[in-house]
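Novice: Add chain B to chain A, keeping to what the hints say.
If you read the protein sequences in the order shown, they are chains A and B.
Taken in order, the first sequence gives residues 0 to 329; the numbers are from numbering that gives the first Met the number 0.
Taken in order, the second sequence gives residues 0 to 329; the numbers are from numbering that gives the first Met the number 0.
Derived by calculation from the structure, the hints in this document are not laboratory data.
Treat the hints with caution; some may be incorrect.
Claimed, not checked - With the C-beta cut set under 8 Å, the calculated list includes, among others, these residues of chain B facing chain A:
#, residue
1, 21
2, 23
3, 26
4, 27
5, 29
6, 39
7, 42
8, 54
9, 71
10, 75
11, 105
12, 116
13, 117
14, 118
15, 255
What the hints assert, rightly or not - To spell it out: a stretch of chain A is covered by chain B in this simulated footprint if at least three of its residues, at any positions, have a beta carbon under 8 Å from a beta carbon of chain B; those stretches are:
#, stretch
16, 192-200
17, 288-300
Everything numeric in this text was worked out from a predicted model, so none of it was measured.
Ideal Cβ placement from N, Cα and C applies to all residues, glycine included.
2 protein chains.
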Amino acid sequence: MEFDLIERVHSHCAHRRGDVALGIGDDAALLDVPAGQQLVACTDTLVAGVHFPDHTAPEDIGWKSLAVNLSDLAAMGAQSAWALLALTLPDADAAFVERFAKGFADLAQAHGVALVGGDTTQGPLSVTVTALGWVPRDLALTRTGARAGDAVFVTGTLGNAAGALRLFLPPQAGTAAIHGKELHGAEGGGGLLRTRLNRPEPRITAGLALRGIASACIDVSDGLLADLGHVCAASKVAAEINADALPISSALAASFDAKTCRELALSGGDDYELCFTAPSARETEVVEKLARTGCGATRIGRVVAGSGVRALDANANEIEIGHVGWEHFS
Amino acid sequence: MEFDLIERVHSHCAHRRGDVALGIGDDAALLDVPAGQQLVACTDTLVAGVHFPDHTAPEDIGWKSLAVNLSDLAAMGAQSAWALLALTLPDADAAFVERFAKGFADLAQAHGVALVGGDTTQGPLSVTVTALGWVPRDLALTRTGARAGDAVFVTGTLGNAAGALRLFLPPQAGTAAIHGKELHGAEGGGGLLRTRLNRPEPRITAGLALRGIASACIDVSDGLLADLGHVCAASKVAAEINADALPISSALAASFDAKTCRELALSGGDDYELCFTAPSARETEVVEKLARTGCGATRIGRVVAGSGVRALDANANEIEIGHVGWEHFS
Chain A
0 MEFDLIERVH SHCAHRRGDV ALGIGDDAAL LDVPAGQQLV ACTDTLVAGV HFPDHTAPED
60 IGWKSLAVNL SDLAAMGAQS AWALLALTLP DADAAFVERF AKGFADLAQA HGVALVGGDT
120 TQGPLSVTVT ALGWVPRDLA LTRTGARAGD AVFVTGTLGN AAGALRLFLP PQAGTAAIHG
180 KELHGAEGGG GLLRTRLNRP EPRITAGLAL RGIASACIDV SDGLLADLGH VCAASKVAAE
240 INADALPISS ALAASFDAKT CRELALSGGD DYELCFTAPS ARETEVVEKL ARTGCGATRI
300 GRVVAGSGVR ALDANANEIE IGHVGWEHFS
Chain B
0 MEFDLIERVH SHCAHRRGDV ALGIGDDAAL LDVPAGQQLV ACTDTLVAGV HFPDHTAPED
60 IGWKSLAVNL SDLAAMGAQS AWALLALTLP DADAAFVERF AKGFADLAQA HGVALVGGDT
120 TQGPLSVTVT ALGWVPRDLA LTRTGARAGD AVFVTGTLGN AAGALRLFLP PQAGTAAIHG
180 KELHGAEGGG GLLRTRLNRP EPRITAGLAL RGIASACIDV SDGLLADLGH VCAASKVAAE
240 INADALPISS ALAASFDAKT CRELALSGGD DYELCFTAPS ARETEVVEKL ARTGCGATRI
300 GRVVAGSGVR ALDANANEIE IGHVGWEHFS
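Next up, chain A with everything else stripped away, as it sits in the complex (with noise of 0.2 Å):
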């Protein structure tokens, strides 16, 4: 029965890659890295109720899942290949799954992702894909090349996916244990929110673009200040985040006042931009790379001495946030 389920979800994925010399339907796949690449592997598990709300759309979970996989692939600069996908499901529901492999598919063909491997199990929902890839050997983006007096950047515009969650879940399930069927039941402005929510873009193409250019970078999924937090502890420095700088998307403005947009954008998870530190005297080219990418790039802040990051208003007065990033177990 597993092959049966990985195999609908894979008859959905017609991309198929020369580099895989052996695919679903063995013990393991046979995989092809390129010479003189490095390996990059990611894992990441969605559960119901707990990252995504009950009544989630399958498509959306489905593309949801590979997405967050992706999105750590891409904070590397790594060049997605394949991913293997362990589904776990309360019951062989056909209809479930045929939908999940379609949004699952959608995403994976957009990035040439080839599904190589998988298991299905019985249990309550839960999804965890693991993402591969690679890069050339010294020009993998990590944390911890962040060096005073670089600039900090995002990609896109922060605080959608959090915006989503406010408009269309009761306030207090935003932050644990999430719930609720507004979120596919409403439609109206919110609509570019919940598609943010729901079906991240994982920035692949400008973490490529930011190969030997950025000197730390991280995705958003817990808040750009909790990222931002481990790319500064990892590279033993501080950050200053000019809030003001902070891009914001004209339907998460049209939402809500600008002090909600402002919080959001520091502390939202679940965005999936990239952030990262490039030296100020590259950011013309930063942000005219980026712009070719289709996301684009704004500058956000600085690197400077010290440790722990501050968000900064007009007057450089220190923005006080109460919820920093979304903790598990916290």
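Specialist: Relative to the frame of chain A, chain B by itself:
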């Protein structure tokens, strides 16, 4: 928090590998696959109450979650190298994590496997491991190479894990959802069987020894008849098993009558022995080589033209087995 839990598992894995350019602590791991080798990748999930009884010791869950994946690498003839661990826990239970980590690390160290990535999430207990290794190009053992005239072999002994379930769990619970405290409360003659259920030994060394010898290979996770059936289907051949030749441990023989032992050996899952085919003329070479790996190998039948797997008694009459293997959602 994600890194805290994974770090605790990692801290137990003292084994460090030179081919891990960047391990846990960034968005993804950077790994060096040796030149001339193909990457081998697989993933498997264990769900509480489905793949192990609810009250299984955390150490055993840790061990087994890695073992079932290393077993898939073994079945490909691969050298194991790295693992990623996605752990879903109902709550941040430090004692559970410590004990889980210990069991996982015990097996990882035994096989020189480095934990290079992971994710911790909140939800019903389940574990997904991705195992990575390599094999020289064209030396992988697959399911497709069995030819009529080949002999069928199995490593070790069969039916032990199923015997443990039958001894320590209510009979009807052994098939679908498995529960019960008995598995750990009871001591006695079943100790060896229980060890085989909770701490299966992935046959990595045997798989390596079979490169260039075995024509097809699979690990026995669903039961001999079911798994050999996968080989036959993939190779477009049939197989005949000589039931009297099935290797039975003395612990199993001491716990059940001969007929039950045979049944458990033919259809019981979770043994994680290797079942493989090889030219009959190489039987002596196979047996000698695998004796040196510690687990040994027994010739149990032959590959013939046709389709399906038949188990024959001493009079060449087919043995009917009710329950073939262990299928989820079946």
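Novice: For each hint, tell me whether it holds in the structure or not.
Specialist: Right, here's what the structure says about each hint:
no. : hint    : in the structure
1   : 21      : holds (6 Å)
2   : 23      : violated (10 Å)
3   : 26      : holds (4 Å)
4   : 27      : holds (4 Å)
5   : 29      : holds (5 Å)
6   : 39      : holds (5 Å)
7   : 42      : holds (4 Å)
8   : 54      : violated (17 Å)
9   : 71      : holds (4 Å)
10  : 75      : holds (5 Å)
11  : 105     : violated (21 Å)
12  : 116     : holds (6 Å)
13  : 117     : holds (7 Å)
14  : 118     : holds (5 Å)
15  : 255     : violated (28 Å)
16  : 192-200 : violated (count 0)
17  : 288-300 : violated (count 0)
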